[in-house]
Amino acid sequence: MAWGTKVRGGLGRFFEYDTPKIVHIRSLRVGILYRLVQLTIIAYIVGYVIVWKKGYQLTENVESTVTSKVKGVVLTNVSLFGEDNPTERVWDTADYVVPPQENGAFFVTTNVIVTPNQQQGICPELLPSCSKDADCPRLSPSANGVRSGTCNTTTGSCNVYAWCPVERDQEPALPVLNGTEAFTVLIKNQIIFPKFGIRRRNILDSFQTNSTYLASCHYDPVNDPYCPVFVLADIIRLAGENYSAIAVKGAVIGFVIEWDCNLDLPVNWCLPKYSFRRIDNANDVSAKGWNFRYANYWTDTESQNHTVQRRTLVKAYGIRFIFYVYGVAGKFNMVPFFTNLGAGLALLGLAVIFCDIAILYCSKKRNFYKENKYYEVKDDDAFLIEESQQSSTNRSPSYSDFQ
Amino acid sequence: MAWGTKVRGGLGRFFEYDTPKIVHIRSLRVGILYRLVQLTIIAYIVGYVIVWKKGYQLTENVESTVTSKVKGVVLTNVSLFGEDNPTERVWDTADYVVPPQENGAFFVTTNVIVTPNQQQGICPELLPSCSKDADCPRLSPSANGVRSGTCNTTTGSCNVYAWCPVERDQEPALPVLNGTEAFTVLIKNQIIFPKFGIRRRNILDSFQTNSTYLASCHYDPVNDPYCPVFVLADIIRLAGENYSAIAVKGAVIGFVIEWDCNLDLPVNWCLPKYSFRRIDNANDVSAKGWNFRYANYWTDTESQNHTVQRRTLVKAYGIRFIFYVYGVAGKFNMVPFFTNLGAGLALLGLAVIFCDIAILYCSKKRNFYKENKYYEVKDDDAFLIEESQQSSTNRSPSYSDFQ
Amino acid sequence: MAWGTKVRGGLGRFFEYDTPKIVHIRSLRVGILYRLVQLTIIAYIVGYVIVWKKGYQLTENVESTVTSKVKGVVLTNVSLFGEDNPTERVWDTADYVVPPQENGAFFVTTNVIVTPNQQQGICPELLPSCSKDADCPRLSPSANGVRSGTCNTTTGSCNVYAWCPVERDQEPALPVLNGTEAFTVLIKNQIIFPKFGIRRRNILDSFQTNSTYLASCHYDPVNDPYCPVFVLADIIRLAGENYSAIAVKGAVIGFVIEWDCNLDLPVNWCLPKYSFRRIDNANDVSAKGWNFRYANYWTDTESQNHTVQRRTLVKAYGIRFIFYVYGVAGKFNMVPFFTNLGAGLALLGLAVIFCDIAILYCSKKRNFYKENKYYEVKDDDAFLIEESQQSSTNRSPSYSDFQ
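Protein chains in written order, with numbering that gives the first Met the number 0: chain A, 0 to 402; chain B, 0 to 402; chain C, 0 to 402.
Okay, chain A solo, but in the shape it has when bound:
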């Protein structure tokens, strides 16, 4: 044959079509079985994976910022800072939000133990524990400081190097700051889906137009689900807790903002959903609730050349709000769609495998089906030669021989 012809031959061969030979079995039973299995698989792939589980979408997690601004004042009537100061005392934001700003969290003081005007010195520790100096090993640490080695006979407690006087750390019974539940907090949450280039904020653009609504509204899951101003009492109630109980010893509350955005729908439908939950264990046996200590330091010039460093120690109980912003955006994308589709098509193969097993092994007419499905080819190296009578060119199936 001429070379040219060969090429045309090869080229022709490339442009020919290979399709599997199909055995078409006209059996109602098998047919129904086949379609049922197929149907189940298709229902799973299309209905569940693609549609229900949004298998056609590429998803991305949210990136977000939250800033908060607490508002409110309370008037207390307890003497905390010594008798000289007026017992009426007002607490404003600068007093009860400590530290003034945090990243992704904020703290509202609800209860305090104040120890004013401490200075370094030697004084008796709180708990009586000694009768003689020997009971107070020098330099041994104690809750309030480091023991000086002497026993204070009047109080019956060891003397300690410490900030004197030492803190009276009694368990609080009632919250000192009474009325914090009425405080409001303005939340600003900006999110972005970098890959999709979508930016959203929890303060809807519609609010920008009427600032009066923002100024007056309070979040309510039913009536005002998009108002960014929250009353502390509401937050605690929605978290399923009792404010007056929490206010005494403090708590850690999760402030959850969820954004579940289907970007195949109008982007305006991508809205925040707020929820709240208590995070610390209400039944903790150790360090229950939430509190921490901080101090304000200054130096007194007692005389011309005598200065004393002093501090006011505050043990603050309160509610620590921690922000969690979750949320995913989904958008149609070829890769997940076709990957799921491809895997699905492959699963369709299971239908044939399943039915073949049925007709070839479980059916009474298995031999008949085998004869028709299989086309026997014997190769010379087969060691079963003695068992078979057929020639390598024999076209007729002969499985029956092996039964």
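Just to be clear, a hint being listed does not mean it is correct.
Identical chains blur together in the list; that is why a pair holds if it fits in one copy or across any two.
[Stated by the list, open to error] Distance condition first, Cα-Cα at most 27 angstroms in a straight line; then the derived DSSO-like pairs of lysine-lysine: (1) Lys70 with Lys272; (2) Lys52 with Lys272; (3) Lys272 with Lys68; (4) Lys272 with Lys194; (5) Lys68 with Lys52; (6) Lys330 with Lys248; (7) Lys68 with Lys248; (8) Lys314 with Lys287; (9) Lys194 with Lys52; (10) Lys287 with Lys272; (11) Lys364 with Lys330; (12) Lys68 with Lys363; (13) Lys248 with Lys363; (14) Lys272 with Lys53; (15) Lys194 with Lys330; (16) Lys70 with Lys248; (17) Lys330 with Lys52; (18) Lys131 with Lys248; (19) Lys287 with Lys248; (20) Lys70 with Lys52; (21) Lys53 with Lys330; (22) Lys248 with Lys314.
Just so you know, the hints here were simulated from the structure itself, not pulled from any lab data.
Guided by the hints, dock chains B and C onto chain A, whose structure is given.
Showing chains B and C alone in chain A's frame:
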């Protein structure tokens, strides 16, 4: 047949090969169609999924730490702390970075409203709102404190329990701290991809050798893209904002560090990319910009046994920088590769399905093709028996009967 | 044919079964090859993807909160605050944890440089750099403040507007706070897997019953792997660092908590794993270790109507602990399982492709196999007509013609 033979038989059967019978159709039209469809699918899988979308890589998100150190001083010439203090006042890092350290963020004060030496007491609130005591319901909260129930006739505003004197909260016109744009910040960002065990930092090892570069360089997207020292003015400019405008009322700026690492390439190519964007809404109607209040507390010993607690209230406007470290590392991994490949192979099946539909339903010669592709087998339970003339052993196709 | 019949016909056709015709090749060689390839693929899919890589599980990342409480006191014996104060000085939590609370981190001071009682004024800067006023350009910034334009002849350094006296910023040799390594920190970590609705805490419920264990235990990777109280010295040791070295200039330490939860197993087996690593670069050339400055402000009433604002500047070196909570939960889910299975089934197709290539191209008997596998159909539009002798109805293969 002997048992031994049976086993050898079964064993032999297991070690035989099943391959689908293929109908090879020598038609140029169909052949070309077939290859085109195949080509498209292969191009999609190999070109798009595997190569372009890196379908052969396992990806992992970055874990990171960022620490920052701001440097710079400004000299202000306004009297903020009462006339007794020198009007020249220097602000250094300890003064304008509040709180001194944050996790994943830092704040630089650009503007302040200072209310020095407040003390608890009763004084008129800022806004005139009363002519007689009846206008000031006792204990009703106000912006500055809690109303005492009397009206201050001189100021025409209600008396409040508050930190006195109350803050003069006028809208700022110019930033008090003039020159903050020249401040520099040193950023240290350490990242880790735990699964891949890769650690990188934004201060390249090459810099370690010449500390002079680090000491002198300033980040520039073009000339110094890897210098970890940033001038605030540059950051704001690159965020597309106007510093002098922002300095007045503050802003929240996202400091984005991106690590996009292909670990199949040399790890040294895994480098940070910086970008900046304003996060708060420049057009906010409520609480525009960024500010917060904090106070410094101390106690004055006015006489032997008379102490007064005082505070200096600061309303700080400024720029809050929040760090976002994104980034993924990708590395070749069998699972994603073969999963995508397998799903791809399955999609190739679409080519046959597509062409079969073409030749079996759309082609003029459909019957001819059907005769050749299908091999008819009639089962006794078929209820179509009366329509067909062939016997269950009949080998020759007979689709034509059904047309 | 009647319409009714046609419908029944069509209906019947739908409920018939199509299964590919299989060429069964009884060749031991090919059979073994075939099964080997199949086995490899199945081993990969089932063994590696499904079982080893848990391809049957849907995974979710952890959401977590960490709160910490540091305990301990140290007694220092250096004069930091001027001679008037007692040299024995106690540091408690409120003194050395700055800021008092952070989100996801905490800082423990180990070393300080204190500059007490600074006030705004003009004083010589630290480093001698001038001999005449001309060397001190007015308003040029310096490390300590802004130059006033005059040279202080006694110190030979420029006068600056600054907080006076300026900080003596010598490199620290020994840590001032000696004994911080004995401090303990109580960690509370609450995690949640929202999708799975699973909540866990690092303080095991079993501990709730005996609070004495919590009060006394210290974390130890071997003996007390679940005790939530950590000794700082242990943390640093486990991070592979030397505490006394770190205490001088500070460091940033990653406090890693890992939760690797297989929710197909009892949820009680989902337990935290702690590990620690140094994050900052021990060999940094610039700003080595970790330190920052903060100040305490107050106002002195020096006379009836003369007040001076003062501050105490603290440069704090210390260990910054940053929490990383990683962890995934996996739970059986149909979608990943079937997606991996489907992709796997498709890969099985590779076995046939592989063996077909072997027998059709690499085998000596390739023609024999081609004859049996392929079933030749010639279409009239084929341009190879002249090369073939067979008729379109010819059933017998004729590949040999093309060799």
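Okay, the hints, checked on the actual structure:
1. Lys70 with Lys272: Classified as within: same-chain Cα gap 23 angstroms, cross-chain 39 angstroms, threshold 27 angstroms.
2. Lys52 with Lys272: Cα proximity of Lys52 and Lys272: one copy only (21 angstroms, versus 33 angstroms across).
3. Lys272 with Lys68: within (19 angstroms within a copy, 32 angstroms between copies)
4. Lys272 with Lys194: both (22 angstroms within a copy, 16 angstroms between copies)
5. Lys68 with Lys52: Classified as neither: same-chain Cα gap 38 angstroms, cross-chain 43 angstroms, threshold 27 angstroms.
6. Lys330 with Lys248: neither (46 angstroms within a copy, 37 angstroms between copies)
7. Lys68 with Lys248: Both: 23 angstroms inside a chain and 15 angstroms across chains, each within 27 angstroms.
8. Lys314 with Lys287: Classified as within; 14 angstroms inside a copy, 33 angstroms across copies.
9. Lys194 with Lys52: both (21 angstroms within a copy, 14 angstroms between copies)
10. Lys287 with Lys272: For Lys287 and Lys272, the Cα distance is within 27 angstroms only across copies (23 angstroms; inside one copy 30 angstroms).
11. Lys364 with Lys330: neither (51 angstroms within a copy, 43 angstroms between copies)
12. Lys68 with Lys363: Neither: 79 angstroms inside a chain and 76 angstroms across chains, both beyond 27 angstroms.
13. Lys248 with Lys363: Neither. Shortest intra-copy (77 angstroms) and inter-copy (85 angstroms) distances fail the 27 angstroms Cα cut-off.
14. Lys272 with Lys53: Within one copy, since 21 angstroms is at most 27 angstroms while 33 angstroms is not.
15. Lys194 with Lys330: This pair counts as both: shortest intra-copy Cα distance 10 angstroms, inter-copy 20 angstroms.
16. Lys70 with Lys248: Result: close both inside a copy and across copies, 22 angstroms intra and 19 angstroms inter.
17. Lys330 with Lys52: Classified as both: same-chain Cα gap 13 angstroms, cross-chain 16 angstroms, threshold 27 angstroms.
18. Lys131 with Lys248: For Lys131 and Lys248, neither the intra-copy (36 angstroms) nor the inter-copy (42 angstroms) Cα distance is at most 27 angstroms.
19. Lys287 with Lys248: within (7 angstroms within a copy, 35 angstroms between copies)
20. Lys70 with Lys52: Result: close neither inside a copy nor across copies, 43 angstroms intra and 49 angstroms inter.
21. Lys53 with Lys330: Classified as both; 9 angstroms inside a copy, 19 angstroms across copies.
22. Lys248 with Lys314: within (11 angstroms within a copy, 30 angstroms between copies)
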